[in-house]
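Asker: In case you want the letters, here they are:
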Amino acid sequence: MGKAAQRKGGDGARVIVLPADFRLGAVAGVKADLVEALEAAGAQLDGGAVERVDTAALQLLLAYRREAAARDLSPAWRGVSEVMRDAAGVLGLARDLELPANMPA
Amino acid sequence: MAKILAVDDSASMRGMVAFTLRGAGHEVSEAENGQLALDAARGGSFDLVLADVNMPVMDGISMVRELRAMPAYKGVPILMLTTESHTDKKMEGKAAGATGWLVKPFDPEQLLATVKRVLG
Amino acid sequence: MSKAGLAQFQQVFIEESLEGLDTMESSLLALDNGGDGELVHTIFRAAHSIKGGAATFGFPEISSFTHEAESLLDEVRSGKRAIDGGIIELLLRTVDCLRGMFARAQGGEPLNDAVAAGLRGELAAAMGRGAAAGGAQERREVDQADAWTVRFRPHPGMLAGGNDPLRLIRELGALGEIAVTPIFDRLPATLAALEPTECHLGWTIALKGPARRADIAAVFDWVEDECDLAIEAQHVVAPAAAAAPAPAAVADAGAARAQREASAESSSVRVSIDKIDGLINLVGELVITQSMLDTFREGEIDAARMAVLEQGLAQLARHTRELQESVMGIRMLPIASVFNRFPRMVRDISQKLGKQVKLEMIGEHTELDKTVLEKIGDPMVHLVRNAIDHGLETPDKRRAAGKPDVGTLTLQAAHRGGSIVVEVSDDGAGLNREAIVAKAVQRGLIASGEGLSDDAVAELIFQPGFSTAAVTTDLSGRGVGMDVVRRNVADLGGSVTIRSTPGQGSVFTITLPLTLAIIDGLTAAVGEERYIVPLVSIVESVQLKAEAVRSVAGGGELFRFRGEYLPVIRLHDVFGCSGAVQAIDQGLMVVVEGDGTRVGLFVDGLIGQQQAVVKSLEANYRRVQGISGATILADGSVALIVDIVGLVRLQGRRKAA
Chain H
509 MGKAAQRKGG
519 DGARVIVLPA
529 DFRLGAVAGV
539 KADLVEALEA
549 AGAQLDGGAV
559 ERVDTAALQL
569 LLAYRREAAA
579 RDLSPAWRGV
589 SEVMRDAAGV
599 LGLARDLELP
609 ANMPA
Chain X
944 MAKILAVDDS
954 ASMRGMVAFT
964 LRGAGHEVSE
974 AENGQLALDA
984 ARGGSFDLVL
994 ADVNMPVMDG
1004 ISMVRELRAM
1014 PAYKGVPILM
1024 LTTESHTDKK
1034 MEGKAAGATG
1044 WLVKPFDPEQ
1054 LLATVKRVLG
Chain E
36 MSKAGLAQFQ
46 QVFIEESLEG
56 LDTMESSLLA
66 LDNGGDGELV
76 HTIFRAAHSI
86 KGGAATFGFP
96 EISSFTHEAE
106 SLLDEVRSGK
116 RAIDGGIIEL
126 LLRTVDCLRG
136 MFARAQGGEP
146 LNDAVAAGLR
156 GELAAAMGRG
166 AAAGGAQERR
176 EVDQADAWTV
186 RFRPHPGMLA
196 GGNDPLRLIR
206 ELGALGEIAV
216 TPIFDRLPAT
226 LAALEPTECH
236 LGWTIALKGP
246 ARRADIAAVF
256 DWVEDECDLA
266 IEAQHVVAPA
276 AAAAPAPAAV
286 ADAGAARAQR
296 EASAESSSVR
306 VSIDKIDGLI
316 NLVGELVITQ
326 SMLDTFREGE
336 IDAARMAVLE
346 QGLAQLARHT
356 RELQESVMGI
366 RMLPIASVFN
376 RFPRMVRDIS
386 QKLGKQVKLE
396 MIGEHTELDK
406 TVLEKIGDPM
416 VHLVRNAIDH
426 GLETPDKRRA
436 AGKPDVGTLT
446 LQAAHRGGSI
456 VVEVSDDGAG
466 LNREAIVAKA
476 VQRGLIASGE
486 GLSDDAVAEL
496 IFQPGFSTAA
506 VTTDLSGRGV
516 GMDVVRRNVA
526 DLGGSVTIRS
536 TPGQGSVFTI
546 TLPLTLAIID
556 GLTAAVGEER
566 YIVPLVSIVE
576 SVQLKAEAVR
586 SVAGGGELFR
596 FRGEYLPVIR
606 LHDVFGCSGA
616 VQAIDQGLMV
626 VVEGDGTRVG
636 LFVDGLIGQQ
646 QAVVKSLEAN
656 YRRVQGISGA
666 TILADGSVAL
676 IVDIVGLVRL
686 QGRRKAA
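Chains as they are written, first to last, in our numbering: chain H, 509 to 613; chain X, 944 to 1063; chain E, 36 to 692.
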């Protein structure tokens, strides 16, 4: 439920690490981070450690991605777990989330 | 596997549910009524709650309402174990925030299938 | 695993259902006496649990029978029907009928009988419809296609209710190949405007594969009213022959019966979690103490270590005692289960006799050993019948005596010292001294009532074959007299006494040991032998002067104790012990009371008090008159436990002979 962990990537960019249990209970906290990131010209999303995910989580990422695109921020995924990739596929959201074709989790 | 809270005032029904789920590798806690279930829910986290509708002290519907008011139980699946085949109890449970229901009588296989369904 | 898994809960289910029926009965009776509406819910809940459980645990007959009662209760509960005496009567008979069905379930007999069939009809009639009505099969929509389009728009609140579209669409994917297109039109334009726990998305799902509409609808059955859903067939195939609903699984009757028989074999006790937790704690303490004591295996034991050792042993003793108490506690059950059968009985009997009786029950939570509990019911039934039949007066007689029309019958249970005291009291006429004396004379029990104290007269009713009823009613006159009550209670190691005040009523007091498995007793030495005298029966022990005991004609001996002459029973005589003290002034007289009679037991001396774990003599040897069991003493030797009631009776027979 807490906020997603944030750290600076090696290249100095802001990185938002998505929680392992990224479901309804966690979305409010992650949303706050994402809103902040938008103000700070975007961030990289690291979903490599996500073990559980639901519609609410993917919907949140979708809303983020859509606003980021409107602000001309390019997508920047640092990691996507298999669980996330699979869920996005089931919900037909993989393309809109601009998930990288294949990236080591 | 998953952490499940089984709530029923009937020891036999609760026992059967717990026994079946444990046999499938789940970690099961038991509570005799809605009030005790709320206490258990506050003291731990569960992936699924299975609750009878008619119970003394606090019935299943009120329990669901209270659980849903707890931030940690938003979105956590709660299934009502109900004998009512007509819709009013199901709908009352749903309105209170239940995820779905399992109609009694059910056998262990049906229980496991439903739990599997809801846990994905 | 499912069948074996189920069988182990069948017995539990039967037991809790019987409790549920008791609850139904007592609530119905309370309702009959103007109880509040909450009772209806209690009754409904009990019926509901029985119905649901019966179907689950393999008793469909009980389930469908209870369903009828439940439907009726549901109408009462929802206010569609007012409850009246007729309905209460009908439901009470339903309770009785269900008890019968459960009894047959335990015996593995067919569950339905003529009574059940008749009652079913009555319940259905009360609902205003024929028994055959209802159960019309819902017409199922049979609709099959090779390709479907499903439009699915969750309402915003669906996520919080635990239904995740991700799961639902996955389930749909199990029916065929799916292509999922999200609908974003309700997604807010900015992230900040998004309420992240609500669902703002929708989906159009194309499903390829032969599927029935019902299969697709079943995926969404829990969210019917939490989403907008449209299921459209894209490629319709010719409708198949009306797909019949899957036949209900036909249980293998033989197997089900075998299961029931297996589960009915051993009786069980339901134990509260608190008691078990207490035990687990104690065992934990024991383990700690044991490992502490274990350290004494090695090394010298000096004074300091000796102190620790003694402390450890004291701890061990305390824990062992507590553990013993806790384990015994598992067998302890509230007397409520016995009390609860009385409201119904009192109602039936008083109606039959045209008497008005208010039943009061006090101390229902008092706990008794399960074995005692099972055996105390019959004596109590007799006392209660007796109180209504002989004790309480008809309303006009009561009015004439200046008493309220309604008589009061009180059942009261309480712990008193190491015993349980159960009282059955009434505010009726009390014992009729003249009638009792006349009957006793007629029966040849006494020559005349002259010189007999009221207590002595009261004692007469416990004599075999005694009955004061001018007319033998079908209620009390079942060939069971108060003598049988006293004997049954005595068999449990207890006693029955009566106090009666003319015009004000009678009190029957049953005193019972807390448990049958352990008794507190004094160890008495008699020659080389050791005997345990149960503490509950000991009044006092006195050292007598030789002249205090007088021989009487016929070989008996008497001594004076608090203004009464008591017979002396020399234990060494009764049990043939050698080397015992013979002279009165060198031994000890232990005054004991059994069966309402006091006697003096003459022993060499008392060694000490101890708790004795009772071992059955019958099981290990044979029944011995005057001995209720045996126990192992600390030094490993065997001591016999004196059966005071048996000895008193033995003495009585000798006196009579």
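It should be emphasised that the hints constitute simulated quantities derived from the structure, not laboratory data. Note that the structure is a prediction, hence the values are computed from the model and not measured. Please note: incorrect hints may appear among the correct ones.
Stated by the list, open to error - Interface residues of chain X toward chain E, partial, derived using beta-carbon atoms under 10 Å: (1) Phe-962; (2) Leu-981; (3) Val-996; (4) Met-998; (5) Met-1001; (6) Glu-1009; (7) Tyr-1016; (8) Lys-1017; (9) Val-1019; (10) Pro-1020; (11) Thr-1026.
As the list claims (entries may be wrong) - Estimated spans, in silico, between C-beta atoms of each pair: (12) X:Gly-987 - E:Ser-651: 43 to 49 Å; (13) H:Gly-537 - E:Ala-342: 58 to 64 Å; (14) E:Glu-233 - X:Gly-987: 25 to 31 Å; (15) E:Arg-305 - X:Gly-1063: 51 to 57 Å; (16) X:Ala-1012 - E:Ser-307: 27 to 33 Å; (17) E:Asp-256 - X:Ala-1012: 24 to 30 Å; (18) H:Asp-594 - E:Ala-65: 57 to 63 Å; (19) X:Met-1013 - H:Ser-582: 35 to 41 Å; (20) H:Asp-594 - E:Asn-316: 57 to 63 Å; (21) E:Leu-348 - X:Gly-1063: 53 to 59 Å.
Ideal Cβ positions, reconstructed from N, Cα and C, are used throughout, including at glycine.
Asker: All hints, please: hold or fail.
Answerer: Each hint tested on the structure:
Satisfaction of the interface hint for X:Phe-962 is found here, the shortest Cβ-Cβ separation to chain E being roughly 6 Å, below the 10 Å cut-off. Look at X:Leu-981: its Cβ only gets to about 17 Å from chain E, farther than 10 Å, so that hint breaks. Below 10 Å, beta-carbon pairs count as interface contacts, and X:Val-996 has one with chain E at about 8 Å; its hint therefore holds. About 8 Å separates the beta-carbon of X:Met-998 from the nearest beta-carbon of chain E, less than 10 Å, and the hint is met.
Because the beta carbon of X:Met-1001 sits about 12 Å from the nearest beta carbon in chain E, more than 10 Å, this interface hint is broken. Annotation: interface hint on X:Glu-1009 violated; nearest CB of chain E at approximately 14 Å, more than 10 Å. The criterion of a C-beta within 10 Å of any C-beta in chain E is met by X:Tyr-1016, whose closest approach is roughly 9 Å, and the hint holds. Restraint check, X:Lys-1017 versus chain E: the minimum CB separation of about 5 Å is within 10 Å; hint holds.
The closest approach between the C-beta of X:Val-1019 and any C-beta of chain E is roughly 6 Å, which is under the 10 Å cut-off, so the hint is satisfied. For the restraint placing X:Pro-1020 at the interface with chain E, the shortest Cβ-Cβ distance is roughly 4 Å, inside the 10 Å limit, so the hint holds. With its C-beta approaching chain E no nearer than about 4 Å, X:Thr-1026 sits inside the 10 Å limit, and its interface hint holds. For X:Gly-987 paired with E:Ser-651, a C-beta distance near 47 Å keeps the hint of 43 to 49 Å intact.
For H:Gly-537 and E:Ala-342, the hinted distance range of 58 to 64 Å is satisfied, since their beta carbons lie about 59 Å from each other. The hint said 25 to 31 Å for the Cβ distance between E:Glu-233 and X:Gly-987, and at roughly 27 Å that hint holds. For E:Arg-305 paired with X:Gly-1063, a C-beta distance near 36 Å fails the hint of 51 to 57 Å. Taken as a hint, the range 27 to 33 Å holds for the pair X:Ala-1012 and E:Ser-307, whose Cβ atoms sit roughly 30 Å apart.
Between E:Asp-256 and X:Ala-1012 the Cβ separation comes to about 26 Å, which falls inside the hinted range of 24 to 30 Å. At about 59 Å, the beta-carbon gap between H:Asp-594 and E:Ala-65 stays in the expected band of 57 to 63 Å. A hinted range of 35 to 41 Å holds for the C-beta pair X:Met-1013 and H:Ser-582, which are about 40 Å apart. Taken as a hint, the range 57 to 63 Å is violated for the pair H:Asp-594 and E:Asn-316, whose Cβ atoms sit roughly 47 Å apart.
The beta-carbon spacing between E:Leu-348 and X:Gly-1063, approximately 58 Å, falls within the hinted interval of 53 to 59 Å.
Hint check: violations occur at hints 2, 5, 6, 15, 20; the rest are consistent with the structure.
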